[in-house]
Amino acid sequence: MKKINVMQDVLSSNEIIALKNHEYFKKNNTIVFNIMSSPGSGKTSVILETIKKLFNYKILVIEGDIAGDIDAKKIEKSGTDVYQINTFDSCHLNASMINTVIQKIKKRYDLILIENVGNLICPVEYNLGEDYKIVILSVPEGHDKPVKYPKIFEKANLLLINKIDLMDFSDFDFKKLNETLKKLNKNLQPVKISCKKSLGIEEWINWIKEKISLLPG
Amino acid sequence: MHEYSITESIIKILKKELKGKKIDKIVKINIIIGKYSGYSSESIDFYFEILKKGTIFSSAKLNFIIRDIELECPECSNKFTADSVFATCKNCGYDEKFNVISGKELLIESLETE
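Respectively, the protein sequence lines represent chains Z and B. Here the first sequence is numbered in numbering that gives the first Met the number 0, starting from 0 and rising by one per residue. Here the second sequence is numbered in numbering that gives the first Met the number 0, starting from 0 and rising by one per residue.
This is chain B alone, in the form it adopts within the complex (with noise of 0.2 Å):
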């Protein structure tokens, strides 16, 4: 359901960033989006597609790149990817609260144009 308003923010910031820019058709959108960030792709894609009715995106697809979970051990620095953050460090057998270095991202990263 959050992904409704997320959607709507994707547009709204695009059309803030193309303004005033000579472009007649988007064919792309590339979405940087964290295993961690708490957001669904697919919602985002769904909405996505009503949302884009009778704007400049009408032709758009998104496309998602997927940042994965990293994590740093506290303990040991160690890093490595996870699948939540529910995990153990394979070094020291650490299994409390990480640093999260990369997976909460929701960015978007750039869009193409023909």
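Next comes chain Z alone, as it looks inside the complex (with noise of 0.2 Å):
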């Protein structure tokens, strides 16, 4: 019997190709959200809202989906430029997915944002090369998510927490939120903000600004 010493780490070949895509995005002077949530917590409402109040900014739109293109076409009726991915058998996009888009890209954007599949899971585990991972939570889902999905709200820059027009109906509970976050991730400061009510949209709008800013040149 012989043994041989491998000591690597399984997810090392997509941190590579994240790190390219970081170091191209870097290059272009470009900022990168990766939009992570459940399905249907509104993470295309999210990103038809920010390009309706980003209209004076440069921006791509990478939807990821298991299959279909329907979010791609209601970003494409907006008129805003967007590369669809079809993952097929896998619950989340990948670094070479995104080098893949990047290898297609052809002028310059301020702002690229990344829908990943729908899915609080896999996704957190695999960097893209973006500056920031956007947590969406919607109201219906409940205040507990972040306990039984401790990783992805660990890792979150920022959390948004939609559909707040459905307080009323519902019995989420934001002081547990903020208790489950504390444990998680104290930077995380969530932003309430409603799509269908066009509320708090504004906050994250500042917030993007702020980052936007903070680019050189």
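Since the hints were made in silico from the structure, they are not lab data. Hints may contain errors.
Here are the simulated EDC-like pairs of lysine to aspartate or glutamate, each with C-alpha atoms no more than 16 Å apart in a straight line [stated by the list, open to error]:
1. Lys181(Z) x Glu108(B)
2. Lys11(B) x Asp8(Z)
3. Lys1(Z) x Glu16(B)
4. Lys11(B) x Glu14(Z)
5. Lys1(Z) x Asp82(B)
6. Lys15(B) x Asp8(Z)
7. Lys147(Z) x Asp82(B)
8. Lys96(B) x Glu113(B)
Build the complex: two chains, separate frames, hints provided.
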């Protein structure tokens, strides 16, 4: 019997490509958000609201779905550039998929919004080369999601609580949510929004503008 | 579900590692997996049994070396093992965010040949 030492992180191959993607974005002065949530919590609605408000910026949207191009068509209708990635058997986007899109990009963008596959588990394990991880939690899902899926909330840079217009019909408890977040990610300040009723969107937009203003040049 | 692509990555990394080496049979692959890695060893094993067919790993078995979740209290530096990241420090009573020292790992440690 012979033992061969390997000692390699299983995710190292993804990390290498993510780093290459990040270098490309940095070189082009592009800010990139990886938007993650459960299916149906409003990722596409948040993106549509964002591109509506940031009409002065050059934006690219990358849509990740197991199948279909329903969301990409919605984005296309708004006149914004969009690429659809179908992952087929994979429940998350990976850095290599984003690298394939980079190869096709023909112009420079200020902002790239990546809509990951709707899933609170796997997407967080795969860095894409983004600057910020945005997590959306919607009121009907409940305040206890961070207890059940801690890692995604631990790594998030910003948490949007969508569908706050449904608070009257829900037992969603912000106090309990904040108590859980203290244990996972002390810097995470939830931003309350409703895409349907256009509530709280300005705070989210100001956050983006602040991040863009931090870019050199 | 995400263990499928992780198992593919394990095989890909090992194939690269073995390139140019004269090895006939791999009998064991040692994987270090943390209890807070987000991956299930049972699922990795399940997919490995499917994906190993017809490869140099067809006779190999996976051996998982489990790493506990080890936390460090940011208030009093007390180190302890816990079942999850939601914990309370027995030394000072702190119960917010702890530093995770180990438990997040997913590493290919080594492989054994015949």
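Would the pair lysine 15(B) and aspartate 8(Z) pass a check requiring their Cα atoms to be no farther apart than 16 Å? Holds, at roughly 14 Å.
Holds or violated: lysine 1(Z) with aspartate 82(B), Cα cutoff 16 Å? Violated: lysine 1(Z) and aspartate 82(B) sit about 35 Å apart, past 16 Å.
With the threshold set at 16 Å, check whether the alpha-carbon distance from lysine 11(B) to glutamate 14(Z) stays at or below it. 15 Å, holds
Going straight from one Cα to the other, do lysine 11(B) and aspartate 8(Z) come out at no more than 16 Å? Cα-Cα ~12 Å, so holds.
Can you confirm whether the C-alpha distance between lysine 96(B) and glutamate 113(B) stays at or below 16 Å? 46 Å, violated
Take the C-alpha atoms of lysine 147(Z) and aspartate 82(B), compute the straight-line distance between them, and say whether it is at most 16 Å. Given pair lysine 147(Z), aspartate 82(B) holds - Cα atoms ~14 Å apart, limit 16 Å.
Assess, step by step, whether the Cα of lysine 181(Z) is no farther than 16 Å from the Cα of glutamate 108(B), and give holds or violated. Between lysine 181(Z) and glutamate 108(B) the Cα gap is close to 34 Å, so the pair fails against 16 Å, i.e. violated.
Is the hinted pair lysine 1(Z) and glutamate 16(B) satisfied, with a Cα-Cα distance of at most 16 Å? 15 Å, holds
Checked against the numbered hints listed earlier, the structure breaks hints 1, 5 and 8; every other hint is satisfied.
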